[in-house]
Amino acid sequence: MSPRLRIALLLAPALLVVGVFVVGGVLQAVLQSLGFAPVVGESQWSLDAYRRVLADPAVHASLLLTARVSLISTAAAAVLGTALALLVRRLGGRRRLAVLFHGTLAVPHLVGALAIGLLLAPSGLLSRAAYRLGLVDSVQDVPALTQDAFGWGIIAEYTWKETFFVAVVALAALGRRVSDLEDVASTLGASRWQRLREVTLPVLAPPVAAASVLVLAFVTASYEVPRLLGRPYPTTLSVEAFQRYRDIDLTSRPEAMALAVLVALLTTLAALAYLRLVGGLARRSL
Amino acid sequence: MTRRARRPARPALLTTALAATALLASACGGAQDEAAAVDASDWDAVLAEAQGQSVDWYMYGGDQRLNTFVDGEVADRLADLGVTLNQVKITDTAEAVNKVLGEQQAGRTSGGSVDAIWVNGENFATGVQADLWACGWTADLPNAEHVDLDDPAVATDFGVPVEGCEAAWQQASSALVYDSAVLDEADVESVESLLAWTAREPGRFTHPAPPDFTGSMAVRTFLYDTLGAETVTAAAEGGGLDDDVYEEARDETFDRLLDASDGFWRGGETYPVSQEEVEKLYADGEISAFLTYGPGAVGSLVEDGVFPESTRETVLSVGNISNVSFVGVPANAEDRAGAMVLADVLQDPEVQLGLYEATGIFPVIDLDTVEPALAERFAAVDAGPSVLSPEELTADALPELDSATLARIEDDWRARVLRGEG
Amino acid sequence: MKHSPWRGAAVAVVAVVTVLPMLPVVLWAVAGAWRYPALLPPELSTRGLRLLLGDGVLAALGTSVLVSTSVALLACLVGLPAGRALGLHRFRGRRLVQFLLLAPIIVPPLAVTLGLQVFFIRYGLADTVAGVVLVQLVPTVPYAASLLAAAHADLDTDHEQAARVLGAGPVATLRHVSLPLLRPALVTAFLLTFLISWSEYVLTLLVGGGRVTTLPLLLFSAIESSDRTAAAALGLLVVAPPVLLVLALTRVAGRDVAWMGVSRA
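Residue numbers (full-length UniProt numbering), protein chains in the order written: chain A, 1 to 286; chain B, 1 to 422; chain C, 1 to 265.
Think of the hints as simulated: they come from the structure by calculation, not from any bench.
The structure presented is a predicted model; accordingly, all values stated were derived computationally and were not measured.
Be a bit skeptical, because a hint or two may be false.
Said to hold, decoys possible - Using C-beta positions, here's what the derived DEER-type ranges look like:
1) G62/C with D249/A: 45 to 53 Å
2) D71/B with D249/A: 28 to 36 Å
3) A10/C with V79/A: 38 to 46 Å
4) R94/A with G169/C: 31 to 39 Å
5) T268/A with L179/C: 34 to 42 Å
6) D249/A with E371/B: 43 to 51 Å
7) Y123/C with E269/B: 27 to 35 Å
8) G169/C with A190/A: 52 to 60 Å
9) D249/A with P161/B: 33 to 41 Å
10) S2/A with Q51/B: 41 to 49 Å
11) T268/A with A139/B: 51 to 59 Å
12) D249/A with L258/B: 38 to 46 Å
13) V26/C with Q51/B: 41 to 49 Å
Virtual Cβ for every residue (Gly too), placed ideally from N, Cα, C.
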């Protein structure tokens, strides 16, 4: 068997899955957003779906919310996760805490949404504790943290889960090699702050950046958390796309596809921009 | 590390391109054969055909008591007839109709996955437009003798003639549920007094955002209050509302709501997604009054300690909004005979009684047609001090308008009140 | 910083903040009526936990196990050869293949599935376990392939060469040499893909059409219902297996465990 054929055969199953489902799926979403009606029905090609979607104030509001939630969650997770990793390294007890972090990572986001809801809702555990402490007199006084206009509940869920993801990635990067480098730096007379800025953070930047891209792409596109912790209006783009797909009026489907394409485009752009920003990361990411 | 030098291979592009086009290319398959109709007039034949069928009934799944009843008594009765019932719980009936439409669009004209849908109103009308339903079978159900098929509430569904395309199985009536420890009887007399109370005690009233079924009813309640019962009744019996009349009443209602909504939950800045959300808010004491379509279920919630004991019900002076809901069978359904047997079982007087006792859902059958002993048991059902009797509830029943108007009300409300567009 | 008295306290604070959000879930799962503003449930009840023994939940548990096991097995079967090609061989187009395999991580599976749904219906895959398993390969295969590519890159192929020189056939080499060496990575890949599948909600909903009922589907409708106790009890059932699996794995495997981080719903 020729080596080329061998490699082709080895890759075939995975490429079939990605090719048929991902490439085919995106292609289909694009085609259907342009009016293609597969299997049966009349295809009417036009950009109407995009025009309608882009002119819709609900979509504008959705875009704003999606951008706000995903950027804040990603930034918070990146900063807090890095800080947490550094803190844990200083504190010691690293193994046990790392195990705890891993456990938190494994919590499905659906359960995370339930947990954050039960914690932060006006009748949630925090509000009950505030009442006990005399900070609020009635449930009406509690500020809304879920189903709120800003999206704090959604942000809280993502930040909680993804901080530990970033922390785990950063902890993995803070191996012995970093300690050695830091020792060298300190022998050369670097202050603690200089060591952090010149040695530790540069080592952490690539893996944390790669992790942040994954977080950003995930948060931008995910459905269940904003659906459960958000408002009926505005919703994030994924929720909006899903709802239009499920609309009883099938003529909304091209709009759903247009929104899905928009989300895919946004996540891809965000990923590319980020990778470019931190340069040379693409090589490490697989 | 030994990494073998390889001749350049480039399988990736080719494989991917092939795979991606495979789906597109194979998309041109022909449509399947149309499903053969089931003739309901020969009921024994229907029963025979239904033997061994498994009926997928798509129904709103948010009512736990109803789920238990359907899984228990209804499923047992169907099992006796050799039919397996599979309850598919959905959050919005539109999902099921959308699914059948999607199958229709994908050329699946037989062997459809949805055998029966709990449906009414806009969802039914959409199905009628798309020629989705199996029709002309409901009068042939043996238990249809207990249903007054000429009653306008059963013969039309939100203005659309039913024409045997769906079989009635329950009745919904609106009511206001409130905590009598917080609101006086004078506060819950009318829409006017309720809104005055929200101005005095802000943050304690809300309703789900339409298109939620109950949320839509709440907005209609306010609109009907502006229109007046006579106009609504005339519109429902005649050909709907005049545009001018509607627009004037709508603007007046929404202005009133926007004024009042400062006193709603969260200052009217947002609305809950669903009725379940509203009921959780009431159970938590965040709100003290809400509108419901299921007043019969309130008693058991009080009994369980979920709702406070001071919970009471009333009908606002504008009147109560009632409608019947149905079981529809898609024309492409795999197990249509079984679905018809399900519709018949649901109209069985004993099942209707069991439904009323277990869930507080009002019967759709005409109690004059059932045996006196059974009728007495209906009258004897005691739902507790919190709950009004069906007679009290429906004394001032208002009809539903056509579903096109409903959809318009919902859209306009979302634009004006929820999104705050001018 | 040596062992300051603050250290223990700081570790405790970090630990508490980490698990705090799960506390109300545990409380609600065993709560009876628990009205605002009681801080703790005034009475405990086994109702929530008993709900987990109902027919519906057990059936969904079975479906979840079936779907996730199938997805994990298939993803590893598909990912193993791809990982071998990527980890051991340099070839033209390798970067493109890597990019394609990364695509499903960046491009949302929801967008992909919306586009494909009509074909799933057309070919009778909608509403079936098979369809759900197939669509869940989208978010899982990339991880399996990446993990196994990394493992192959670290693999010392001298052992394989030696086996071949000593006359072992390709199958025997695979069985007795390669697979044992790859075992830790395979276990990790299996568990990781299992977890991704276990948590999956929206793809299952779309392709399964409400008829393939996995635990996340039940949980979602429970969260939407007015019964918080039921939602919390189901939440515990959904969260327990992945957390236990990961904790067990953290002890066994070391390095690859960072990949667990990407097991997301």
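Hints, verified against the model:
1. G62/C with D249/A: 45 to 53 Å: Because 37 Å falls outside the window, the suggested range is violated.
2. D71/B with D249/A: 28 to 36 Å: Hint holds: Cβ distance 32 Å, inside 28 to 36 Å.
3. A10/C with V79/A: 38 to 46 Å: Check failed, 18 Å falls outside 38 to 46 Å.
4. R94/A with G169/C: 31 to 39 Å: violated, 46 Å
5. T268/A with L179/C: 34 to 42 Å: holds, 36 Å
6. D249/A with E371/B: 43 to 51 Å: Roughly 46 Å apart at Cβ, these two residues keep to the hinted range, so it holds.
7. Y123/C with E269/B: 27 to 35 Å: violated, 46 Å
8. G169/C with A190/A: 52 to 60 Å: holds, 58 Å
9. D249/A with P161/B: 33 to 41 Å: violated, 22 Å
10. S2/A with Q51/B: 41 to 49 Å: violated, 59 Å
11. T268/A with A139/B: 51 to 59 Å: holds, 57 Å
12. D249/A with L258/B: 38 to 46 Å: violated, 27 Å
13. V26/C with Q51/B: 41 to 49 Å: holds, 48 Å
Hint compliance for this structure: hints 1, 3, 4, 7, 9, 10 and 12 are broken, all remaining hints hold.
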